[in-house]
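Participant: Sequence:
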Amino acid sequence: MQAFWMIIASLLFTLMGVCIKFAATAFTSAELIFYRGLIGAILMWGFARIEGVSLRTRMLPMHAWRSVIGVVALGMWFYAIAYLPLATANSLNYMSSIWIAVFVVAGTLLTWTPQSGRPLAQATLILSVLAGFAGVVLLLQPELSSDQLFAGVIGFLSSIAAALAYLQVAALSKAGEPESRTVFYFALGCVVGGAVWMAMTGVSPWSWRQSVWLLPIGMLAALGQWCMTRAYGDTGGAHGSATLVVANLQYSGILFSAAFGYLLFDDRITLMGWSGIALIIASGIVSTIIRIRSFAGSPGEER
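Okay, so the sequence shown: first residue is 921 according to our numbering, each after it adds one.
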């Protein structure tokens, strides 16, 4: 069942991206972050009550730092979704798996000694990162016009910020914070971060037609995260082939994005662009394997 839950999670996150793309015609990234957080916080409060999880925490500084990084990552990703083909924006964001592996292995290398007996995974990781960069070049060069290049760079940077946010989530998980509590405080951070950003940039004129997309953005984000939690939970904490399959099924989201982008937004991806996506997926899979083998007990990535 864990594979089923991961595929459903990927579908829900893709649908969230579709709603963001529609809503972005009337609302800024700051406003989308605010409403995503507001709706998500209400839903996660309900989930926590159902699960019997207290929302009181002694780790507010860690949650605050995770929220700062996460809001930055989310804002950049939303901006990329608004201005790029859906599959392109999501492919760039999925580069986060590569950066997570880079950061995890880099941390391992800092504590490595010849006496430790642990092998160095540098060669595989370096090849994976180079393949990912090649994929980005292939994806961006044919797919983006000159006015979209900035959005492409922002989408790429969102993957680095998302990876940093993931490491903070992993630290919270290691410290014993339940995932529902972590997701709740991130949603709360989105409300605060979005409100501060809106105070600086202003609020868009209200559009009832486009506002219908705000509710599903928050709902799909919360449900997608819940399904992802179920997917990893059903592995029973294992870190073998079952966990690897579940983790790598998240890339089905790129295929969902391509399908919805073609059907709803008339997005067209060239053969070279598809080659780039394939390289990003392949390097992401390798990086996920490195991450799971190097970082036992790692939680699922959030979107």
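There may be inaccurate statements among the hints.
[To be verified] Here are the simulated distance ranges between beta carbons:
{"hint": "1", "residue 1": "Thr977", "residue 2": "Trp1194", "range": "41 to 49 Å"}
{"hint": "2", "residue 1": "Thr1044", "residue 2": "Arg978", "range": "37 to 45 Å"}
{"hint": "3", "residue 1": "Arg1188", "residue 2": "Ala1095", "range": "23 to 31 Å"}
{"hint": "4", "residue 1": "Arg976", "residue 2": "Tyr1182", "range": "42 to 50 Å"}
{"hint": "5", "residue 1": "Pro981", "residue 2": "Ser1195", "range": "28 to 36 Å"}
{"hint": "6", "residue 1": "Gly1122", "residue 2": "Met1192", "range": "33 to 41 Å"}
{"hint": "7", "residue 1": "Gly1027", "residue 2": "Ala984", "range": "17 to 25 Å"}
Source of the hints: derived by calculation from the structure; they are not laboratory data.
If you're wondering where the values come from, they're calculated on a predicted model, not measured in any experiment.
Every residue gets a Cβ at the ideal spot worked out from N, C-alpha and C, and that includes glycine.
Participant: If a hint holds in the structure, say so; if it doesn't, say that too.
Facilitator: To see whether the hints hold, each was checked on the structure:
1. Thr977 with Trp1194: 41 to 49 Å: holds, 44 Å
2. Thr1044 with Arg978: 37 to 45 Å: holds, 39 Å
3. Arg1188 with Ala1095: 23 to 31 Å: 46 Å Cβ-Cβ, so the 23 to 31 Å window is violated.
4. Arg976 with Tyr1182: 42 to 50 Å: With Cβ atoms ~46 Å apart, the hint holds.
5. Pro981 with Ser1195: 28 to 36 Å: Since proline 981 and serine 1195 have Cβ atoms about 44 Å apart, the given range 28 to 36 Å is violated.
6. Gly1122 with Met1192: 33 to 41 Å: holds, 39 Å
7. Gly1027 with Ala984: 17 to 25 Å: The hint (17 to 25 Å, Cβ to Cβ) holds, given that glycine 1027 and alanine 984 are roughly 22 Å apart.
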